[in-house]
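Okay, so the sequence shown: first residue is 1 according to this note's numbering, each after it adds one.
Simulated from the structure, these hints should not be mistaken for laboratory data.
Please note that the accuracy of each hint is not assured.
Pairs of lysine to aspartate or glutamate, EDC-like flavour, derived with a Cα cap of 16 angstroms [to be verified]:
hint	residue 1	residue 2
1	104	85
2	70	93
3	104	86
4	43	83
5	3	18
6	74	93
7	104	167
8	143	18
9	143	167
10	89	129
11	104	129
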Amino acid sequence: MSKSDGLQLSLFNQIKHELNRLNANVVHTHHIGPLIYGGLAAKLSRARTRIHTEHDMWHLQNSKRRLIEKLALKVVNPILVADADEVSKQLNEMFPFTHSTVIKNGVDCNRFVPSNRAAARRILGLPNDTIVIGTAGRLVPVKSHTTLIKQSLICQITHTSRLLVLDRSKTN
């Protein structure tokens, strides 16, 4: 669903109807906008479990954002998840009516083990002697992809390398 700038009241209903159509049981939001729209729509729909994850706290230094998030957390009443102990501590201090659970970012190295590297390189058309640098995520300034690009260019001075970028932020 596309959202234009500013408050878009019709989006609550659109999301609620879509959640009901999908017979969604769980809605998991990240960031304040999805918490407001998706969280409230989930509360109004048949989705009984609402989860909200915070990855960082910089955006809550702004008093307006902090007030909006406080109200949204009180109304939506999600299971609150932090991706780091420090984020959890700050959430619990900033919003004492909540209790966050820490689920750290990362990869389960026992479950996701390296597979056939040569076959993967063949499928992707990458020579065996090429260093692969990759990222997946939204292409937005806060992710500082320019730093990654600059560093990959430095790497290319002394090594054969490829930068692979996956951006799924515009998928509908």
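A quick look at each hint next to the structure:
1. 104 / 85: Holds. Residue 104 to residue 85 sits at ~8 angstroms (cutoff 16 angstroms).
2. 70 / 93: holds, 12 angstroms
3. 104 / 86: Answer holds: residue 104 to residue 86 is near 11 angstroms, not above 16 angstroms.
4. 43 / 83: Violated: residue 43 and residue 83 sit about 23 angstroms apart, past 16 angstroms.
5. 3 / 18: Holds. Residue 3 to residue 18 sits at ~15 angstroms (cutoff 16 angstroms).
6. 74 / 93: Holds, at about 15 angstroms.
7. 104 / 167: violated, 22 angstroms
8. 143 / 18: Status violated; Cα separation ~30 angstroms.
9. 143 / 167: holds, 12 angstroms
10. 89 / 129: Judged against 16 angstroms, a Cα distance of about 44 angstroms means the pair is violated.
11. 104 / 129: violated, 33 angstroms
Going through the hint list in order, the structure does not satisfy hints 4, 7, 8, 10, 11.
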